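Q: The chain contents come next:
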Amino acid sequence: MRAVIALLLLTGTAYAGNNEISYTSTNRALRSDSANALTGDSLFGGGLAYGRRINTLAGLEMWVNGTFGWGTASGEMFQTMTTQLSTLWLTAGAQLRYHLTERRFVASGRLDVGSARASLAIHDDMGHTASDHGWGAISSAALGIDCYAFAGQRYALSFRAELSAVATSSIPLTATPDATSDDTLHLEMTAASLGGLNLSGPAFSVSAVFQF
Amino acid sequence: MKIVASLCALSAIAALGACWEDERPIMWDRERTVLGPIPMKSQIAYVDSALDRVTLLDLGKDEPKITTEKIGRRAVVAVPSPDRHLLFVITRGEEAIVKGQIDQPPMFWVVDTVNPEAETRGYEIGSPFDRIAVAPDNSMVVAYFSAAGPDEAGFFRNPNELAVIHLNEPPSDLNPTLKTIRSFGSVPQGVTLSPPMVVPGAEDPSPRTFAFVLSSNNLTLIDANNPTRREVSVRLDLGGQAVIPREVVFAPNTSSAYVRSDNARDVLQVLIQAVPPETPEHSDFKPLLAELGAGGGPTDIAVYDDPSNRRYVLASTPNTGEIVVIDADTAQFRSVPVSDPIDRILLFPSGGGVPPTKALFASVGSKVTRVHVLDLVDIQDPLTQAKLHTINLSYPVRDVAPVPGRDLAMLVHDDARTVLGLLDMDTLSTSPLLGVGKLDSYDFSPSGSYLIGATDAVSRVGFVALDNLHPTDFRLDDPPARVLSTANAKVFVDHGDPLGHATIIPSPTATREQALVLTGFLTNDLLDEGN
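Keeping their order, the protein sequence lines are chains S and P. Count along the first sequence from 1, then add 229; that gives the number in my numbering. Count along the second sequence from 1, then add 587; that gives the number in my numbering.
Mixed in with the good hints, there may be bad ones.
Cross-link-like lysine to aspartate or glutamate pairs, in silico, DMTMM-like; alpha carbons within 25 Å at most [to be verified]:
1. P/652 x S/305
2. P/657 x P/1115
3. P/873 x P/914
4. P/648 x S/417
5. P/657 x P/711
6. P/628 x P/914
7. P/657 x S/417
8. P/657 x S/305
9. P/686 x S/407
10. P/652 x S/331
11. P/873 x P/748
12. P/657 x P/699
13. P/657 x S/262
14. P/686 x S/262
15. P/686 x S/305
16. P/945 x P/962
17. P/686 x P/699
18. P/873 x P/818
19. P/652 x S/270
20. P/628 x P/616
With the C-beta cut set under 10 Å, the calculated list includes, among others, these residues of chain P facing chain S [claimed, not checked]:
21. 1060
22. 1062
23. 1099
Examples of chain S residues lying across from chain P (beta carbon under 10 Å, computed) [stated by the list, open to error]:
24. 262
25. 293
26. 296
27. 423
The hints are simulated quantities; they were obtained by calculation from the structure and are not laboratory data. Fair warning: this is a prediction, and the values are worked out from it, not measured in the lab. By construction, the Cβ of each residue, glycine as well, lies at the ideal position given by its N, Cα and C atoms.
Next comes chain P alone, as it looks inside the complex (with noise of 0.2 Å):
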């Protein structure tokens, strides 16, 4: 009998080994993709898709703070508020088919990154957008699908579907408010939200946020405070080629916008008007439309007030071979004759906070060895012979970025190794900067004392101190993926690594005693995750 009990139980431990498997939680199973970084006030944020969480290094002390905020399911995009302090976040949610599994609907979230203590917010937005728009003032946004669509999920897709949400107000029935924007056969191809605007004669006098969906052929313009009533369409094309709306920029003042279009032969002007709704769910505008001569399809606009605030908007028209002011009050223009296809235009000084004197034309798309630079100074005046400097350059022109706060412009001349020209518009004078590979990333420093670079083949970022463009570097012990630099004037070095892997150079001028290498945080406690 004791022979029976003791094989019993040795069968007993030995099927008890066989069926030893675990199941593991099919989290960690789940593809990763990792949206960042993204540099927001003094901190950068990485989205991570299989762990549901933003992870934020906060830079703002010496020792760098790691700290996480859980979202949805499958983050699909991820996009900084333009004051950098909200991370907005769109999470693709996810159907529970096999155990383990969620259902959970596709979400929109807002992470406060300024102030630690504010709950995380997530609307439920029906649809997996994939794009975000952000209201200059952080009021609103509006999600909607990129010209690709919707992706392979979902039985019923609908491109012309968009979500305008109100940030200032909690999750309801009523925020998100869906809507499906009239068509004419073409999908939205971006949406640009104006900055508020009343409505002249409106009898809600309030400002309003515009958004100006994109779409070929057609402009749509959508109440965002209002989105339940009707938007109102704009047809572009006239029978030929088709027109496509490319760039929106807003007079607020004057409650206009002007859009540039591709294929359209003049600039066009929307200035928005009140009209009494037909029912309460009209619309209480109408847009008036105006042509401003720009008369050969502008292939780039800028829009800047004088210092008597008036309204003139600039527009480069190679099809005329002109660059063309045009006084966006009264359509009236000038022109100065310009050979050159230009497509780019800047204004200096940058940044908008006084009106601009002068605008530097580049034309990046056809790699002209010259840039020209007009004198805005009393271009309004017809008796006034416009001063237009042509600058004659050593390479092709490939890229032109201002440099903040300063009067300066950054001329890339060459993207497979870094050769740069700093031009000054106050002399219009050019230096030349060479450096050893492509310029694969690049940043200035908040007060534009700075231009720092980074190529990802040489374990170095480059400095060029502005004042007197004497260049520096600091030596890191990985190569860099991209750089950054922080309001708080930190330079963030991205090594590219899934663990994360960042240096984090106190300043410009630091030496390496100074400098922090930061691993590991985006699997920071990533063994407690489950817990």
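The shape of chain S in the complex, shown without the other chains (with noise of 0.2 Å):
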């Protein structure tokens, strides 16, 4: 523990490249009461950033991302009834850091779009699964604090805990029994819709970031 503890202080400045890319775990909380329908739980996941910057500017650096990120969660509804909740999302985003201490500490806040698949499967315990999935947007607002574990003049390893607000639109889903895969002729089928789905929620993540 002291090893790492000195490793943190000892280690040089941040300015090892314009280019990141970071692996991120992410916690949301799903507080919406589509969301609290289908589960009690966070929506637990992770992602891939690509991050360049393109601006100095009095002491503020600027920052353009891309992420690509995914959560899940299951839940159960009624004592009877399992829920199975997926999520990909892609967004784009721009960010802006500031050195708080010249060799350890970044604070940075976060602005990102994008948009949002949504997937859910309903399974009872008679065996009958239910499930879809679609498309909505979704955007998020982070601040978040990067504390370097290495920076060299060419590479830099760090930590970033960030604190996020997610917003998505709600998405609209309607379940419908999974179609067998054989080639038996089926009856016209409509289904009714189960009401729109929104993932927003504050959330929590830890990244390990590479600058090069």
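With the hints as a guide, bring the two chains together.
A: Below you can see the structure in the form of structure tokens.
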């Protein structure tokens, strides 16, 4: 533990390069009524992102980012039906960074917008399954802090903790029974709407960031 | 200083992440029971005890329309009105014990399924009744406890309490009226409401509905139009075996009812007559009792009026090996010897629109391989010989049902696989029908043109055209759980999926191209439910 702290305190400045890639582990609290219907759990997932520094002005670094993320949650309804919720999202955004200390800590603020895909499967205890997926808009605003573990002239490695507010549009879902894969002819089917699924909520994420 | 501030910020973020759990509303963790499908006029109703709503599928048009009506918490029983326009639901209510629960008393709900503009009306009924008796004219209902009694909730429980609800009046302090009937140690086993009957000689000449409460050794009569007045009790026992009233049929034109009881010797006629009330709390009627000479413990009764509006009671009395035809006005009776233990009587033509001319007698409990048909024309004339025809069958009879609108009776021969017989009451001929499995669910088309049947092991619906007994079937995508025919002749096949899954066949002659599968209707707009 002491060695880790010593490493954190003794590593160099964070001016490694203009590019970065990051892997993120995120936990989003689902607080909408529609998400509460499906699960009491949070949406747990990850993400891969690429960022590029485009300017530095008055001590503020400006970065642009592209992120691919995913998340899953499962739950139970009425003690008999289980739900499996998963989502993917693609976002693009901008980030401002400010070096709190010369060598170790960087504060950041980030805005992202993009598109999210939500898929839902509902299983009952009699073996029936119904599922659907849909697309909607997603945006997020985040505040974070980076702590550099290593910062060289060409490469740097940091850990980022972010607190964000994620807003998604209501994604309309209509769950239909899973189709069989054989060639059997089926009757025309109409499915009733499940309603709109909103995956908004505050999120907390931790990232490993590699700059080059 | 900056380092300390940064570390504090990092710690704060981490702490926020640690207390991330969202509090989910308790409604999504409740137990769920779906009552239904309940056939209404052109709709199919389901009652969801967790989402606290009634889902109605309107099959009146080509495309089914889904609507929902909110009701109270924890529905326990749902009953349609006799004309299938109204759906009556009792909700158990809830006691707020943990966060998210609400205090709600037991309620009785009236859902108008024909008029969507009508507001769903709720009546506080005070106790968690689980049975509903409906007046034939939809004017009132009585909510009461089943023989098993109230559920475990509550400190005191009163199984002899019931609620009389006047449906034509709004909820008020006097509507419903809670009443505890006089008990001699027994509890109600059933309640039957009469059609409106005028009490001859009473000051109040308006027709009234009477509630007949059936309990062991007791018959209790309540003037349901004036439920605060005292009830009238009739002791049925004679000191021997308990006499348990099972069946009440009414003759509203003569303000009388006929009661069949287990372990009773005769059919009991209850004639309602006026008496001056001692006080305003007393009833202004009394029952005049007469034992109609069935003379052997009737196992089934049927009542009909002949073309001259004379009322007759048909009773089967296996103890004496007879069928008894009783003139309800004079109590004169005529016996027709039958050796079989008859326990089912059906009248033909069925439906009550025209005077019946034939009666079918079957021994369902004993699974006898014959039925009997009695010609009712001139049966009252002692000089004519009773025409009783015995029809021998190849298989024992497990059940009999009249085909609506037709002089046909369906005989169910085997409850393990579908072996049916259709008995033509005109020619007294039977036509056997064989099936692939147990007849788990069946219905007739509204005109009686088709028999519609299904078994849960086979993904098909079978049809039999009752004109020529031509069988056809319809391949389903999934096994059926129940088959229903709506008033507009559509065939509704429920597949027993808690999310809602049904096949709608426009008519018995429709092709697969014309049919439609509807899914997800029980979770319609589920995600918007908490908004």
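Q: Hint compliance check: list the failing hint numbers for this structure, sorted ascending.
A: Those not satisfied are hints 1, 6, 7, 9, 10, 17, 19, 20, 21, 25, 26.
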